[in-house]
Amino acid sequence: MTPRLRLRGIGKRYGDLAANDDIHLEVAAGEIHAVLGENGAGKSTLMKIIYGVTQPDQGTIEWEGTEVTIASPAQARSLGIGMVFQHFALFETLTVAENIALALDEDLKPAVLAARINEVSHRYGLPIDPERLTHGMSVGERQRVEIVRCLLQSPRLLIMDEPTSVLTPQAVRALFDTLRRLSDEGLSILYISHKLDEIRELCSRATVLRGGRVTGTAAPATETNASLARLMVGGELKECTLTPREPGEVRLQIQSLSLPTDDPFGTRLVDINLSVRSGEIVGIAGVSGNGQKELLAAISGEQPGREPAAIRIDGRDAGTLGPAQRRRLGLRFVPEERLGRGTVPSLSLADNCLLTGEAAGLLRRGVVHRAAARLFARETIREFGVRCDGELSAAQSLSGGNLQKFIVGREIRLAPRVLLVAQPTWGVDVNAALGVRQSLIDLRNAGCAVLVVSEDLDELFSICDRLAVIAHGALTEALPTAQLATETIGLWMTASAPHA
Amino acid sequence: MRSAVFWPLRLEPRARPSRPMRVLSSPLAALAMLLVGFAVLKFLGQDAVAAFRVFFVEPFTSLYGVGELLLKATPLMLCALGLAAGYRANVWNIGAEGQFTLGAIAGSGVALFLGGELGSLTFPAMLLAGVLGGMAWAAIPALLRTLFNTSEIFVSLMLVYIAQLFLSFLVHGPWRDPAGQNFPQSKALDDSVLLQPLIEGTRVNAGILVALGLALLFWWFGSATAAGFRLRVSGLSPLAARYAGFSQRGSIWLAMLLGGGMAGLAGIFEVAGPIGVLQPVISPGYGFAAIIVAFVGRLHPLGIVLASLLMSALYLGGESAQIELQLPASVTGLFQGTLLFFLLAAELFIHFRLRRVRQGDP
Numbered sequence: 051m052t053p054r055l056r057l058r059g060i061g062k063r064y065g066d067l068a069a070n071d072d073i074h075l076e077v078a079a080g081e082i083h084a085v086l087g088e089n090g091a092g093k094s095t096l097m098k099i100i101y102g103v104t105q106p107d108q109g110t111i112e113w114e115g116t117e118v119t120i121a122s123p124a125q126a127r128s129l130g131i132g133m134v135f136q137h138f139a140l141f142e143t144l145t146v147a148e149n150i151a152l153a154l155d156e157d158l159k160p161a162v163l164a165a166r167i168n169e170v171s172h173r174y175g176l177p178i179d180p181e182r183l184t185h186g187m188s189v190g191e192r193q194r195v196e197i198v199r200c201l202l203q204s205p206r207l208l209i210m211d212e213p214t215s216v217l218t219p220q221a222v223r224a225l226f227d228t229l230r231r232l233s234d235e236g237l238s239i240l241y242i243s244h245k246l247d248e249i250r251e252l253c254s255r256a257t258v259l260r261g262g263r264v265t266g267t268a269a270p271a272t273e274t275n276a277s278l279a280r281l282m283v284g285g286e287l288k289e290c291t292l293t294p295r296e297p298g299e300v301r302l303q304i305q306s307l308s309l310p311t312d313d314p315f316g317t318r319l320v321d322i323n324l325s326v327r328s329g330e331i332v333g334i335a336g337v338s339g340n341g342q343k344e345l346l347a348a349i350s351g352e353q354p355g356r357e358p359a360a361i362r363i364d365g366r367d368a369g370t371l372g373p374a375q376r377r378r379l380g381l382r383f384v385p386e387e388r389l390g391r392g393t394v395p396s397l398s399l400a401d402n403c404l405l406t407g408e409a410a411g412l413l414r415r416g417v418v419h420r421a422a423a424r425l426f427a428r429e430t431i432r433e434f435g436v437r438c439d440g441e442l443s444a445a446q447s448l449s450g451g452n453l454q455k456f457i458v459g460r461e462i463r464l465a466p467r468v469l470l471v472a473q474p475t476w477g478v479d480v481n482a483a484l485g486v487r488q489s490l491i492d493l494r495n496a497g498c499a500v501l502v503v504s505e506d507l508d509e510l511f512s513i514c515d516r517l518a519v520i521a522h523g524a525l526t527e528a529l530p531t532a533q534l535a536t537e538t539i540g541l542w543m544t545a546s547a548p549h550a
Numbered sequence: 008m009r010s011a012v013f014w015p016l017r018l019e020p021r022a023r024p025s026r027p028m029r030v031l032s033s034p035l036a037a038l039a040m041l042l043v044g045f046a047v048l049k050f051l052g053q054d055a056v057a058a059f060r061v062f063f064v065e066p067f068t069s070l071y072g073v074g075e076l077l078l079k080a081t082p083l084m085l086c087a088l089g090l091a092a093g094y095r096a097n098v099w100n101i102g103a104e105g106q107f108t109l110g111a112i113a114g115s116g117v118a119l120f121l122g123g124e125l126g127s128l129t130f131p132a133m134l135l136a137g138v139l140g141g142m143a144w145a146a147i148p149a150l151l152r153t154l155f156n157t158s159e160i161f162v163s164l165m166l167v168y169i170a171q172l173f174l175s176f177l178v179h180g181p182w183r184d185p186a187g188q189n190f191p192q193s194k195a196l197d198d199s200v201l202l203q204p205l206i207e208g209t210r211v212n213a214g215i216l217v218a219l220g221l222a223l224l225f226w227w228f229g230s231a232t233a234a235g236f237r238l239r240v241s242g243l244s245p246l247a248a249r250y251a252g253f254s255q256r257g258s259i260w261l262a263m264l265l266g267g268g269m270a271g272l273a274g275i276f277e278v279a280g281p282i283g284v285l286q287p288v289i290s291p292g293y294g295f296a297a298i299i300v301a302f303v304g305r306l307h308p309l310g311i312v313l314a315s316l317l318m319s320a321l322y323l324g325g326e327s328a329q330i331e332l333q334l335p336a337s338v339t340g341l342f343q344g345t346l347l348f349f350l351l352a353a354e355l356f357i358h359f360r361l362r363r364v365r366q367g368d369p
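Line by line, the protein sequences are chains A and B. Whatever position you read off the first sequence (first residue = 1), add 50 for my numbering. Whatever position you read off the second sequence (first residue = 1), add 7 for my numbering.
Honestly, I wouldn't trust all of these hints.
Claimed, not checked - Partial chain A-side listing against chain B, Cβ under 10 Å, derived:
1. 372
2. 373
3. 393
4. 394
5. 408
Said to hold, decoys possible - Computed footprint of chain B on chain A; a stretch qualifies when at least three of its residues, placed anywhere within it, have a C-beta under 8 Å from a C-beta of chain B:
6. 348-358
7. 374-387
8. 396-406
9. 413-427
If you are wondering where the hints come from, they were derived from the structure by calculation, not from laboratory data. Note that the structure is predicted; figures quoted are calculated from it, not measured. Idealized CB from N, CA, C, for every residue including glycine.
When you get a sec, could you build the whole thing from the sequences and use the hints?
Take a look at the structure:
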């Protein structure tokens, strides 16, 4: 049988870098085919070639037995190729339906379109309201819009780039059911991921990329995580270990914190109570858009409150203080947005150390100590294995994973009493993610209080001593991770709004 | 960023900002301005080469002319240095002309009415009053912005006209020189507070030295101080500034007060220098021209020093063209406007480039 898509010897160079080199790939009709690889392995380039965003330098593409040149995404869509991107380009001031209408190649009456959106979103368990403005939507919600948009075009090949990273376990189940149903209906799916469990469960075949080349193909169901990881990283994958440890005194205490929101799509925080002790990692799970953004800003001081005792850092009232003052009490914060919040994109890594580096003596008596900042940045780069062109390279020139290592490293090297981390390993490759998680564990072992807010449940389970769930702006009690099942957390995550 | 097609060319974003274009954009804009100016003079029926001589060469053939160049560059440099510090923080003070006027009023007021009591302190007190006057005028948009989130662009601009009318009221009314034969001007400032020419036969005074010194100070402020760094970060990335805990209000206040203070200083230097008296009009638009100077100088103190000399040359060339060629006064404004226009166009090419569209390109 002719495969739906066949790539032969695809190559693509950017300057000296071979992003793709002699790649062969076959996807059969109705097959769910995994493309597995670390960040920088060439997955994105390959997908861009298939979706017509870039052209290969070498090799041929066959679509249902005919050789084709895919010159643009529009042509890819007309062939029947759809793609759900990892980063979503939505117009903030438009509704879901309007955004989808803009991306569709056909003209549909608004009423018809809304009905079809409802139908698709209902059928595949992706709840979205077509009338809602995308402004203020969480990343998870935006992804649902993307998936629905693609499905509306009835594609024959669907490319999904890390689709589960923002879903609850139940939603992942539902999505998998959807994908299996779609594949039974004859849709081929290219499933890009680095989550080995998911790939083993869902995909019938996997093509593994490393350094732009195919390092192997496998039937994931018959492989182990370790054998897949070997293909992917070319070595053994280390696991993080969290040795039990008796926590010390309370370092971060949140008491009856309630915060209204100015943002019409923001989430009101309702009576939040939480304490984090020295030497423990507490995790906060939840589907994005349930108050994580607001809670993080309230703790970091970017959105100070009115009640001094609502937030206590290291035994001192901090509820009304700003970020710089809280930093002086020993709080450090790694925000979700690495570019434009955790760093200034156009400034060098050294200059970006000046943002938070007062404690390291980088700013003294109102004067910037550039040499000290360069040294600090250089040591951070070395200590945390940040791949970059030296401490003078601009923050925006680093890959997401490397920039994250740099920010985490910067904050850790500023000797935190309390460390607050949002989405520590979002979009970070496997090895780098391990490195970041291990640094958090080392910090905990050294007696720091660590609070991690993440949508990646596997991650939370692997590094947290205790876990709480945030839903509709309310936080559950934080219970020891060992006593919690993934399903329980999932149920809490989807709990209905409390009557407040 | 998408690319736009202007067949057979296409404008597309660069992978990274172009360094050569960053340096070349201002000289290229100046060159384009000269070409357009040449064409316009030709169109007006002038002998363009001769007119260019009158415009760009003759004013500087004498020592006096060079002195005038430095003299007129002084207020432009002072105003632009303060404005640029604010623009880097995304605080858009375009009312330097008004702050200049208030600085002149406040400083002259001290010299006129407190001169007798302050004695030898009059001169420093006068300069300080000039700075504070400019700051006070800039504080109004800062206050309204931080309290009610009003646009500092409109408030600072509208305050220019209020300042000019206030000056007019003073010199027509309460501050008019009783012995001045009803001319709308104040008493002349006492010689002891006037700036004397640095060089015999010119009018250039110590103001230019102060401006150059301040340019160095602003350079240091922008590159080496925590406050300068905070201003820059709040302009580049407001969320990062908030994350770091840099106060947004603080940035707005600092940016406005720097701009106002420098414009006020420029104002009092102008009265204590070439004018020597308060009169209804004390500036040929230095405060507005300084906005162009700040941008042509790419918001960098060194660039501003050079750009203020260029702008000053345009003023002088315009004057000599009026006198010798009977060209209208607006020819200066024409050159200034074209310069800004081409500068903005050239800046586009720092982040974008033009490419030929080839057949088969998407």
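Hint check:
{"no.": "1", "hint": "372", "verdict": "holds (5 Å)"}
{"no.": "2", "hint": "373", "verdict": "holds (3 Å)"}
{"no.": "3", "hint": "393", "verdict": "holds (7 Å)"}
{"no.": "4", "hint": "394", "verdict": "holds (4 Å)"}
{"no.": "5", "hint": "408", "verdict": "holds (9 Å)"}
{"no.": "6", "hint": "348-358", "verdict": "holds (count 3)"}
{"no.": "7", "hint": "374-387", "verdict": "holds (count 7)"}
{"no.": "8", "hint": "396-406", "verdict": "holds (count 6)"}
{"no.": "9", "hint": "413-427", "verdict": "holds (count 5)"}
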